[in-house]
Structure formats: structure tokens, C-alpha cells
Amino acid sequence: MRYNTSVLNVQQIKADFPIFKNYPDLVYLDNAATSQKPKIVIDAISEYYQKYNANVHRGVHFLSDQATQIFTQSKLNIAHFFNAQSEELIFTRNCTEAINAVAYAWGEKNIQAGDIILTSIMEHHSNLVPWQELCRRKQAQLKFIKLNEDGNLNFNNFKFLISNFKTKIKLVALTHVSNVLGVVNNLQQIVSTIHHQSPASPAGRSTIRILVDGAQAVAHLPIDFQKLNVDFYAFSGHKMLGPMGIGGLLVKKSLLESGEFSPWLFGGGMIDTVTTQNTKFNSDLNDRFVAGTPDVASVYGLSKACEYLQNLNLENIKQHSQNLSNYAVEKLSKLKNIKIIGLPHLSGSQASPDFLSTSGEDKSCRLALVAFTHQKIHAHDLAQVLDSENVAVRSGHHCCMPLHQKLKIPASLRASFSVYNDQTDIDKLIMALGKAEKILL
Amino acid sequence: MNPYPDLIIDEAKHPANFGQLKNPDLKLVEYNASCGDQVTIELKIQNQKIIDLKWRGNGCIISLAAASVLSQKLIGMNLAQVKKIKAKDILNLLGLKTISPGRIKCLTLALKAISQA
Numbered sequence: 001m002r003y004n005t006s007v008l009n010v011q012q013i014k015a016d017f018p019i020f021k022n023y024p025d026l027v028y029l030d031n032a033a034t035s036q037k038p039k040i041v042i043d044a045i046s047e048y049y050q051k052y053n054a055n056v057h058r059g060v061h062f063l064s065d066q067a068t069q070i071f072t073q074s075k076l077n078i079a080h081f082f083n084a085q086s087e088e089l090i091f092t093r094n095c096t097e098a099i100n101a102v103a104y105a106w107g108e109k110n111i112q113a114g115d116i117i118l119t120s121i122m123e124h125h126s127n128l129v130p131w132q133e134l135c136r137r138k139q140a141q142l143k144f145i146k147l148n149e150d151g152n153l154n155f156n157n158f159k160f161l162i163s164n165f166k167t168k169i170k171l172v173a174l175t176h177v178s179n180v181l182g183v184v185n186n187l188q189q190i191v192s193t194i195h196h197q198s199p200a201s202p203a204g205r206s207t208i209r210i211l212v213d214g215a216q217a218v219a220h221l222p223i224d225f226q227k228l229n230v231d232f233y234a235f236s237g238h239k240m241l242g243p244m245g246i247g248g249l250l251v252k253k254s255l256l257e258s259g260e261f262s263p264w265l266f267g268g269g270m271i272d273t274v275t276t277q278n279t280k281f282n283s284d285l286n287d288r289f290v291a292g293t294p295d296v297a298s299v300y301g302l303s304k305a306c307e308y309l310q311n312l313n314l315e316n317i318k319q320h321s322q323n324l325s326n327y328a329v330e331k332l333s334k335l336k337n338i339k340i341i342g343l344p345h346l347s348g349s350q351a352s353p354d355f356l357s358t359s360g361e362d363k364s365c366r367l368a369l370v371a372f373t374h375q376k377i378h379a380h381d382l383a384q385v386l387d388s389e390n391v392a393v394r395s396g397h398h399c400c401m402p403l404h405q406k407l408k409i410p411a412s413l414r415a416s417f418s419v420y421n422d423q424t425d426i427d428k429l430i431m432a433l434g435k436a437e438k439i440l441l
Numbered sequence: 001m002n003p004y005p006d007l008i009i010d011e012a013k014h015p016a017n018f019g020q021l022k023n024p025d026l027k028l029v030e031y032n033a034s035c036g037d038q039v040t041i042e043l044k045i046q047n048q049k050i051i052d053l054k055w056r057g058n059g060c061i062i063s064l065a066a067a068s069v070l071s072q073k074l075i076g077m078n079l080a081q082v083k084k085i086k087a088k089d090i091l092n093l094l095g096l097k098t099i100s101p102g103r104i105k106c107l108t109l110a111l112k113a114i115s116q117a
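Chains A and Y, in that order, give the protein sequences.
Using the working numbering, you'd call the opening residue of the first sequence number 1 and step up by one each time.
Using the working numbering, you'd call the opening residue of the second sequence number 1 and step up by one each time.
What the hints contain is simulated information worked out from the structure, not anything from laboratory work.
Only a predicted model underlies this, so the values are computations on that prediction, with no experimental measurement involved.
We put the beta carbon where it would ideally sit given N, CA and C, even for glycine.
Mixed in with the good hints there might be a few duds.
[Claimed, not checked] So, partial list: chain A residues that the calculated Cβ filter (under 10 Å) puts toward chain Y:
(1) G259
(2) I377
(3) Q384
(4) V385
(5) S388
(6) S395
(7) H404
(8) I409
(9) I439
(10) L440
Next up, chain A with everything else stripped away, as it sits in the complex (with noise of 0.2 Å):
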């Protein structure tokens, strides 16, 4: 099957990663697990610590007023270009701590004993742990929504969940994008089933509150939080081209202003007044929930990722995203000894076009990676003879062992796709598997 390859011009984006210039014969399938960095996100880090670095919101001085200035600026650039305000975006460390915020800042005061959290087999442990132990500490339970045997959710069985415990769910916890499977969860047809079914609250909303971990989707679609319509995003910076260290919630506003979400975290910044005893919360939204220093230099290189994937059109990189899927799919498919995950295990040289198709923005489909099983070599000897051709892959259980513990997999070999990798790339990581067997076998 051939596959539009011209949509993004890979050479000239992988001449803007440095790291490229240093490994020339690198080939990275890590994406994943970590972005790698234009030069502009590093510059910027760098920019910022020998021309503007100051404490923000706290002087008066010509370089505190450059620092705010750049925080403010950038705090806007990454909202819009989520399609949030500026006040619905919440920075933290990393996804991983955006979902922690929410079961602190959330989950504690709204979560009571007989409630119920709806989650799926698929979620990796960020967004499956901390529901655990808010569960444990509320006396809450926690359920888990069936999939399919291609991996997707089951539909139905979400559905009869739904229906049938409203009363007690106060929360749905899902991925996005699966790390293992590669499998985009519709959350149009999510949101839409929650909403329909969810008991209204005096004020006419829902009250089933919907979190997304969009850890591995917004390198790949055009998210717009105004449109997915749910109550927390949570991303990493790291994973979207830019810095560690920095990733963020997207909250509605609604629920900031109402206080459902509230701090926290507490300390200096976040404070209007403060005296011996009592606390007055900022009532500046950008602010109440920014306790301490933030690191400035990392939300001005994720301003600066944001702007380089923009440049590339976020429609432009889902397209590559599902091309190089599709041809590692077709290719890994062709290998007696594969069997993908996510998959049925095809035994033809031709997967169905149907599966194969890419289908429109809410539909269910496959991107920006793929897991796979040999049948005869385990997942860590694969990955170490691919390391020495140069090849870098994951293998393990991708923080999901539940899945793999359903699948009965102990550990699998994951491939993830960025914008600087192309069909090449893939057909690498075949030789390297066919070197891998030549050795090993």
C-alpha cells in the first residue's frame, strides 16, 4: 500500500534537531517515551537565562518586567494554541503530576465513600495509580471499561457502565492516545455518551467529570479544549518537542471559578493576603494556582515547540503520524515471527483497508506508534541488538502492566514516530529485526 509521503519534508525537520547533527546514523523510535528538541526550544532555555531571567510578578525592575513579560506571553502562546484561555491552563511538572493535581485538588474534596471512577485496562500507571490510592483513601471504587480484541474500548460495555452506575460515577479517567496500543479513543463519542447519561446538577451540568491524559496525542492531533468539551487535559511538555520538567492541566473554567478545582499547592504567588492564621487565594486565576518560583525558562521553550508545531500544520503531522503507522504495521505484519498489539495477528501480506484507512478526526484510528511481540525472542534481547545498529526502540511494559498482564505479554517492543522520522526509519528497524533474528535465533 503506498502512502502520502510528502506531507511533512522530513530531512529538512530533522536538520532543525540538533541532537540529529550529533548522531548522524541515529535512528530514534523513542518518541514516546521522549520528544527530541528543535534548536529553537533549546535556544530559548538558553535565551532566557542570558536575557531575561528575573523572579516573575514580584519586582518592579527592568528584568522582572522582561521575566513576567515572557511568562505571560508564553502561558497564552500554549493556551491558544490548545484553544484554551490563558486561565485554564495550569503548568506543572508533567502529565503524570497534571493527573495528581486533580485527584488533590479535585478528587479530594469530590470524591466520597460508594463513588465510583470509571477507567480502562489500557491507561498507563499515571492515570491509573493515582485513582487507586485517591480510591483507597475516599473508600471509592474503582471500575475498569472492557476492550476489544483490536484494542479499542468496548463500546457497549461503556455504554451498559454508564447507564448503570450513574449515580455513583463522579469521574472518567482516559487516555487519549494509548503508549501501547496506539489507538486514539474517540472522546467526541465519549463526551457525548457521559453528557447524555449524566445526571444533571442544579445548575444544568453534568456530573460525571471526564479527564483526558493526552500524553501521547498532542504530538500527534490538533487538540482544542474548547471543542473535546471535558473538564481536565493533562499533557507533557517533553513529549510535544519540548523541555522536560514542564507539562500542564487544562481545566474549564467553570470549575475554577465555582472553586470545585481548587489549590492544591500553596505558598508564595498564589496568595492575594496573607496574615498569621488565614489565607486569601489570588483571585487572579492565572495565578491562584502557581505556588513558588515557575520555571520560566521551560514554559518559553514549550511556547517556542508549540510555534514549531503550528509551523508544521497540526493536521499535516496526524497525516504523517498515521502514514508511518500504517507502514510499520504493513511492514512488522510481513514478519513470519511479529505479532503486533492492538492488532489481530495478520497472516497475508495485506492488512484490511478498511483498518488500514485513515478516518476522519473522531473516528477511531491508529497512530504515532506500535508495539509488537516476537514470538521466539524476548522483547529486551530485541531491543539490544536494534541499539547496536543504531535503532533505539522501548522495551518493558511502557508503565502498562495491567494491559500486559490482560494481553499475558510480559514485555513488548514499542516503535513511536515523531516529525523527523520517515519510511526509512521503519525499514531500518526491519533489517535490524532481521538481523536480530540471524544473531539470536
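Once you've looked at the hints, dock chain Y against the given chain A.
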């Protein structure tokens, strides 16, 4: 560069002392949850000395090769001496100078099992 010297592949493909004992004195199991490697070691002990050993396991080449070379060293050893074996000893037995940090758990799986004795 071949990351797996022939010695290691041979040990993993034809592991020494692989199997089960009849009426072992001690049965030790260790499991690496992060990758699914597991090993079971069965021992016959007399006067605090390992007089016979068999092991079974499935996992990556490093864990199998390490278990194989370790098993050959353990037979005839005092339990007190067993406690002194370190990861670098296993590296030496495998003819490796070093191993990536991500594979240390594979290398030391059998060692961790025998340390329970």
C-alpha cells in the same frame, strides 16, 4: 558490533544444570515484574554446602546465560560463600566488561534467587 558474544548465546541456548531435582532441600523462585523474566532454583544441601543444583526459567538471553554460568559456580559452594557473589562476578563469568544499567536486573535475577538461601 555484536552485543551478544557467542559465549552468552551458547549458554542461553544450552544452559547448564537446566531441569528439576527430585526432592530438593530448597526451592527458590525469583521474578522480574518489569520484563517477565523468572527463574526457579532447586538445591540439594549437605553440611551447609550445595551438592546439587538444577534450575528452570524463561526470560531474556542475559538472564538465562547468567543463571547457567552461575549454576556451574554454585555446585560445591558453601552457603556462606554464596552470599559473597556479586553482579560483577557474573559479568566476569559471562566474559563481559560491562552491561547497560537497564539489563542489571536481568543479569542478577538468578543471583537474587540464590541469595534467598
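Results of checking the hints against the structure:
no., hint, result
1, G259, "violated (41 Å)"
2, I377, "holds (8 Å)"
3, Q384, "holds (5 Å)"
4, V385, "holds (6 Å)"
5, S388, "holds (5 Å)"
6, S395, "holds (7 Å)"
7, H404, "holds (8 Å)"
8, I409, "holds (8 Å)"
9, I439, "holds (6 Å)"
10, L440, "holds (7 Å)"
Hint compliance for this structure: hint 1 is the single one not met.
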